[in-house]
Structure formats: structure tokens, C-alpha cells
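Which chain is which? The protein sequence lines are X and W, in order. Heads up, our numbering is the position in the first sequence plus 240, with the first residue counted as 1. Heads up, our numbering is the position in the second sequence plus 240, with the first residue counted as 1.
To be clear, the hints were calculated from the coordinates, so they are not data collected in a lab. Among these hints, one or two may not hold up.
In this list, chains with the same sequence are indistinguishable; a pair is considered to hold if it fits within one copy or across any two.
[To be verified] The calculated DSSO-like cross-link candidates involving lysine-lysine, where the alpha carbons are at most 27 Å apart (straight line), are:
1. 243 x 451
2. 248 x 290
3. 244 x 511
4. 268 x 243
5. 243 x 511
6. 556 x 511
7. 243 x 387
8. 290 x 556
9. 246 x 268
10. 243 x 549
11. 248 x 311
12. 290 x 591
All values reported here derive from a predicted model rather than from experimental measurement.
Number of protein chains: 2
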Amino acid sequence: MGKKQKGKASVLFECPPLITAAASVVGKKEGEGPLGRYFDQIEADSMLGKKTWEEAESELQTRAARLALAKSGLSREEIRYYFGGDLLAQLIATSFGAVNLEFPLFGIYGACSTMGEAMGLGAMVVEGGFADHIMAAASSHFASAEKQFRFPLEYGNQRPYSATWTVTGCGTVVISKGRENGAQENAGQENRAMAKITGVTTGKIVDMDQKDSMNMGAAMAMAALDTILANFRDLGVDETWYDRIITGDLGQIGRRLLVDYLLQAGHDIRKRHLDCGIEIYDSEAQDTHAGGSGCGCSASVLCGSILPKLKSGEWKRVLFLPTGALLSTVSFNEGKSIPGIAHGVILETPKGAR
Amino acid sequence: MGKKQKGKASVLFECPPLITAAASVVGKKEGEGPLGRYFDQIEADSMLGKKTWEEAESELQTRAARLALAKSGLSREEIRYYFGGDLLAQLIATSFGAVNLEFPLFGIYGACSTMGEAMGLGAMVVEGGFADHIMAAASSHFASAEKQFRFPLEYGNQRPYSATWTVTGCGTVVISKGRENGAQENAGQENRAMAKITGVTTGKIVDMDQKDSMNMGAAMAMAALDTILANFRDLGVDETWYDRIITGDLGQIGRRLLVDYLLQAGHDIRKRHLDCGIEIYDSEAQDTHAGGSGCGCSASVLCGSILPKLKSGEWKRVLFLPTGALLSTVSFNEGKSIPGIAHGVILETPKGAR
Numbered sequence: 241m242g243k244k245q246k247g248k249a250s251v252l253f254e255c256p257p258l259i260t261a262a263a264s265v266v267g268k269k270e271g272e273g274p275l276g277r278y279f280d281q282i283e284a285d286s287m288l289g290k291k292t293w294e295e296a297e298s299e300l301q302t303r304a305a306r307l308a309l310a311k312s313g314l315s316r317e318e319i320r321y322y323f324g325g326d327l328l329a330q331l332i333a334t335s336f337g338a339v340n341l342e343f344p345l346f347g348i349y350g351a352c353s354t355m356g357e358a359m360g361l362g363a364m365v366v367e368g369g370f371a372d373h374i375m376a377a378a379s380s381h382f383a384s385a386e387k388q389f390r391f392p393l394e395y396g397n398q399r400p401y402s403a404t405w406t407v408t409g410c411g412t413v414v415i416s417k418g419r420e421n422g423a424q425e426n427a428g429q430e431n432r433a434m435a436k437i438t439g440v441t442t443g444k445i446v447d448m449d450q451k452d453s454m455n456m457g458a459a460m461a462m463a464a465l466d467t468i469l470a471n472f473r474d475l476g477v478d479e480t481w482y483d484r485i486i487t488g489d490l491g492q493i494g495r496r497l498l499v500d501y502l503l504q505a506g507h508d509i510r511k512r513h514l515d516c517g518i519e520i521y522d523s524e525a526q527d528t529h530a531g532g533s534g535c536g537c538s539a540s541v542l543c544g545s546i547l548p549k550l551k552s553g554e555w556k557r558v559l560f561l562p563t564g565a566l567l568s569t570v571s572f573n574e575g576k577s578i579p580g581i582a583h584g585v586i587l588e589t590p591k592g593a594r
Numbered sequence: 241m242g243k244k245q246k247g248k249a250s251v252l253f254e255c256p257p258l259i260t261a262a263a264s265v266v267g268k269k270e271g272e273g274p275l276g277r278y279f280d281q282i283e284a285d286s287m288l289g290k291k292t293w294e295e296a297e298s299e300l301q302t303r304a305a306r307l308a309l310a311k312s313g314l315s316r317e318e319i320r321y322y323f324g325g326d327l328l329a330q331l332i333a334t335s336f337g338a339v340n341l342e343f344p345l346f347g348i349y350g351a352c353s354t355m356g357e358a359m360g361l362g363a364m365v366v367e368g369g370f371a372d373h374i375m376a377a378a379s380s381h382f383a384s385a386e387k388q389f390r391f392p393l394e395y396g397n398q399r400p401y402s403a404t405w406t407v408t409g410c411g412t413v414v415i416s417k418g419r420e421n422g423a424q425e426n427a428g429q430e431n432r433a434m435a436k437i438t439g440v441t442t443g444k445i446v447d448m449d450q451k452d453s454m455n456m457g458a459a460m461a462m463a464a465l466d467t468i469l470a471n472f473r474d475l476g477v478d479e480t481w482y483d484r485i486i487t488g489d490l491g492q493i494g495r496r497l498l499v500d501y502l503l504q505a506g507h508d509i510r511k512r513h514l515d516c517g518i519e520i521y522d523s524e525a526q527d528t529h530a531g532g533s534g535c536g537c538s539a540s541v542l543c544g545s546i547l548p549k550l551k552s553g554e555w556k557r558v559l560f561l562p563t564g565a566l567l568s569t570v571s572f573n574e575g576k577s578i579p580g581i582a583h584g585v586i587l588e589t590p591k592g593a594r
């Protein structure tokens, strides 16, 4: 086993890659939520000036990439690869969003865990020496997701309280080569960075035979549990190693399940757990029921509100764990369950947590 | 720019990862084609004993993974990650195919370029020291693809001559850590390997405003051209550096376009070009029109017929270039074009080509 490899599913980087820029572009509803003031751009027009919802979602990716690029101070040519994904079949938001950027592209699919997968792979590719700078991004759009997975908006379907509301938003980070031990090179970059990526725990498919597409939190909770326990086991740590464990979009029901499962396993994460889906909306005032969801949920909350707290040193170490429910209308209508997956990324303050 | 990075989109490995095992599982029609005798398993039952086509495709992935594992002599626990993808929305063939394998999973989407993307990322992760062994796989199934992208099979739609036939098949490789310069470690493994992965050229989205979903070859030809020229430019080589340049599934029309484009750019690849989609069927006798397609096409041809020729030394160096047409019924029906992407992987005989 290589020296960067820990246990069955985790890696710790010898030269942790840096998140050198981050951008979040969200919709009006997200802008009106409790985290509204943290997002870079709030789009009042849910169509973003385009003709279809899918084009609007692509535009979210394009705008977030342009903004992240501008913040990074890098030229387009310096970004070697784009690791991107979305919820739509054939990743059309990513394909059409990335076409004008002309980055070599790795299309990624992990449902709402996509940002964790993109950052994990991107960080490995940077630390492995294959790129000096990459971009990782994930987007979702309420209307394109409803169209693909649920009912026509015009139908005005009633949503149960276990349902989540797909976030309209995109979060994009630039991941850059970190500073090698003792080296002066990249020292300035490290000081300006938002966070270091010190490790990754890659999730596996967990199928709990959950068949309620209006309760995705339950489908994902066991996948989150599986990856958290793998992380603890692989690294020989427990919940106290982290200032926060931040899941993607479990929502109220998924959160309760995860907390209970972990208590049974001897881990009390209640004081240090946050869920991006719960944070992004005021569920009562905004009528979002169990919380927000979609790849864009954890990605935009990461960029808007998590990374700044790592940059400032308010949090020293965070386990960022986007959670995905692999809902397909085809397999679902054929009577199959909704499997889940969760990908963990360990983020630390650039001010030196260890 | 790191020393492994070449030009804008390519990498050359200092310690090339090895393909230590490969398995191909295909359908009856593929077994009856010109390459039939090269495939490991030919499934007479297109349902593979399952109830739906999607489950049948998942079963292709499960069987190919089990076979590749058996051939590699490794235990399931020694495979650190599974890089897999398919054509179906939300990668259901991969998710359900991988669930019983319990590998940490990176879901990949690049349409029919998926095998190139999975192998490129997998090789980087291995060479970067993050895994000693990974699995890369891609599958497609004629009936699940027709159902998703075209017409119900029962409708008996007429297919134009430019259309391709989606391959029922899965190809799976095990990629293992290579031998470091001069080291004795892994020497035996290198002798037994099927090929070395010496480099990767990652494609970008190329949109030629092609809007005919029954002529995917035309949508992909320019993407193939773009990645081939990037590969030549990045590495300072030309077509003569390769014994074969093998595209994924351009078919007859796409091949003609690619050859013409390259001739205009001053490169004559006619004598060294193969296309997996053209090779896999006898288009006249098997009524497959322009050729085979689908992620499983290039993946199964790679495992069945390309890797053995590298292992024997008949070919010293091959540019393997799966090509993808990012067809989405949603964006297509909204009047959008079909963009293409092609991911290149440089394969060399393990007997030492350089």
C-alpha cells in the first residue's frame, strides 16, 4: 500500500493541494435564504436570459467558472482540467456549460455527491503532479431537475414534508498545487488560499432498498454513515478530529437518521454536524420542507459559506461530505430502489491546523 | 508545469501503470461478429437472466468485473477504486452493477468516450500513488440504449445508413502500479502485464452544431481530430509514432470525416487507423449500417482484441481514443446540437517499446 493510502478508501496528501479560489452563483430563492449574503452572485432571473431551464443551468456553470477564474488571477490556459457534473442525464448542464470554456473535461456523475467526487479526483490529479491548477464544479437547477425527475411544474404537484427542494446554483473551486514540505515555492499562494485539501475518503454505493423518491434523505443517510465510518477507521480518528462534519443534502429526515445511526455506532456528531441542505433555506418561511438538495446545494454552500470560515481559521478542520441519491426515473419505474453514495473531502484552514 | 505534464492536455507517466488483467463480456450479435472469438464471454441471453434491459446491462458490468478480478489473481479488497460508466441517465448500469462489488466508486460520464476517461483518470490515480490497483470499466446494451435515446424496439423504426448499432458489452481492465526505473519490485507483474499506459491526452467538448442523432459519427469526428492533434502537438510526435490509432465508434461516416480532416492537417493515418465500431460487426451481413457504438464498444474491443496484440508485441504503441457524442434527448428535443468529446490513452507493449 502506497504511503499516501490509508485504510481501504482514504488518502492523505503529502503535499496538500490548495483551494485558491471559489465562486458561487445561485438563484433568487437561495439568495433570499439564510445564507443569501454569502453567495457571490444571485440571479434574479431563473432563466439566466436563456430559452430553456437546461441552458440556464449551463449558464450557471459558465458564470461560476468565469468568476472563479477571475478571482484566482489565473488565465484560462492555466486551468489544466475541468472536473464537472450535474444531475441531468448525459451531464448536459456541464457539457454545454463547459463548451465555451474550452477546458479539457472530466465529466463526473455522483448525483448530489458530485462536488465531493470532483474535488477528490481533482485534488489527486493535482497532488500527483498531473496539473498545477484544475477547476471542480457542480450545478443543479430547480426547474431542470423537477422536469427530469418529478412532475411538470405546471401540474402543481403536492410535495410531502420529506421532500427536498432542488437548489438552483453552482459552486466552483480552483484547486492548485500545494507547498512541498519546507519549500518557499507557493508560500504566498498558501497564505492567500481559502483552504487546504488534506485528504479524501471515497464512498461506495450503499443500497438500503429505499423506494420513496420523495424521501431522498433516507436513501442517503446510510451512505453518509458508511463513508464517515470508513473515514474514521481509515485514519484512526473520531468525530472530535473535526470542527465540523458537513453533509451535502440529507435534509431534516436524513440528518436525524444519520445522527441516530452514528450514536448507535458510538459517535455523537450532534454538536459538530451541519447539513448544507438544512442551512441553505428557512424551511418554514420558504416552504422547502425537508431542506435543499441537488449537486449545486453542497457546492454553492461550500464556496459561499464553508470555505470563508476555513480561510479565517474559525474552523480548523472540516469533513465535507456531499451525499448523493442515485435516483433514475427508468430504474425507479421498474421497481428498483434508490441507492446512495457519499464522497468525503477533508478541508483544513490554510493557516496550518496540524 | 510539472514534469509529467506535456503541453496543454497531455501527461506522460514517469512510472507507467500496467494493465494487469482485462475481461470482455458481450452479447450474441457481438459474438457472431468478426471479433467474436476474441471475447471472453458471449451471453446468448440478451437479458442475462434479469427482468429488465437495464438490469441486464448492470449484470454485464458485474460479470466483467468478476472475470477481470479472477484473471488478475487479486482479491476484491486489493482493488482500491472502481472507475465506471455507461450511457444511461444517472449511470444506473454502473451503480447497480457495482453495488455488490463494494468498491469505492468514481462514476464517470463521457458518453462513448467513457472508457478513455476512466482509464486516464485511473492511471493518474495509480501513478500518483493513491492506489496500487484500480478497475476501469464501461458498458452499453443495445436495448437499454434504444429505449433511452431512440424509439421503442417494438415500433420497428427504420434506421438510416448513417446510424450505428449500440454494442451489448462491457470491457473491464485492472490497472496496477508500474515498475519504477530500475526497481526489481513489480518486475514479474510487468512481464505478465497486457500493456503499459504511458500517457493520456484529455479531450475537451467540441460542438460542431451537428443535429442529426442518426449520424453520431459526424458529431464525434471533429472531437477525435481535436484530441489527436492535441496529442501530436503536446508530445511533439506525429502519426508515425503509433503503430495504430484506434478510435472508439466513429463508424464509416465518422471515419471518413476524420481521415479527411487529418489529411487536410497534413497527417495521413489511413494505414494505421482502426475504429472499434467498424471492426466489431460485419456491417453487411449483420445489418449494422455505419458500425457499432456505445461505451461498451471500444471497451470490449480493447479488452478482447487490442490488448492481446500489445501483449504479444505485434503492436508496440497504440493511441486508444474512445469517442463520445453527448446526445441527450432533452437538449436534442430543445433544438440543441450534439457535442462530441474524445479521450486518448497511450498504450505500449509491456515488452519495452521505448
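Hint by hint, here is what the structure shows:
Taking the closest pair of Cα atoms, residue 243 and residue 451 never come within 27 Å of each other, the shortest separation being 41 Å inside a single copy and 49 Å across copies. Proximity of residue 248 and residue 290 under a CA criterion of 27 Å is satisfied in neither setting, with 45 Å inside one chain copy and 31 Å between copies. For a Cα distance limit of 27 Å, the shortest separation of residue 244 from residue 511 qualifies neither inside one copy, at 30 Å, nor across copies, at 44 Å. Proximity of residue 268 to residue 243 under the C-alpha cut-off of 27 Å is found in neither arrangement, the shortest distances being 46 Å within a copy and 45 Å between copies.
Taking CA atoms no more than 27 Å apart as the test, residue 243 paired with residue 511 passes in neither setting, with 33 Å inside one copy and 45 Å between copies. For the identical chains of this complex, residue 556 and residue 511 are intra-copy neighbours only, at 15 Å inside a copy versus 59 Å across copies, given an alpha-carbon limit of 27 Å. In this assembly of identical chains, residue 243 and residue 387 lie within 27 Å of each other by CA distance neither inside one copy nor across copies; the values are 46 Å within and 46 Å between. Within a single copy, residue 290 and residue 556 get their C-alpha atoms no closer than 41 Å, and across copies no closer than 50 Å, so neither meets the 27 Å cut-off.
Taking CA atoms no more than 27 Å apart as the test, residue 246 paired with residue 268 passes in neither setting, with 42 Å inside one copy and 43 Å between copies. Taking the closest pair of Cα atoms, residue 243 and residue 549 never come within 27 Å of each other, the shortest separation being 30 Å inside a single copy and 34 Å across copies. For the identical chains of this complex, residue 248 and residue 311 are inter-copy neighbours only, at 22 Å across copies versus 36 Å inside a copy, given an alpha-carbon limit of 27 Å. In this assembly of identical chains, the alpha carbons of residue 290 and residue 591 never lie at most 27 Å apart, being 42 Å within a copy and 55 Å across copies at closest.
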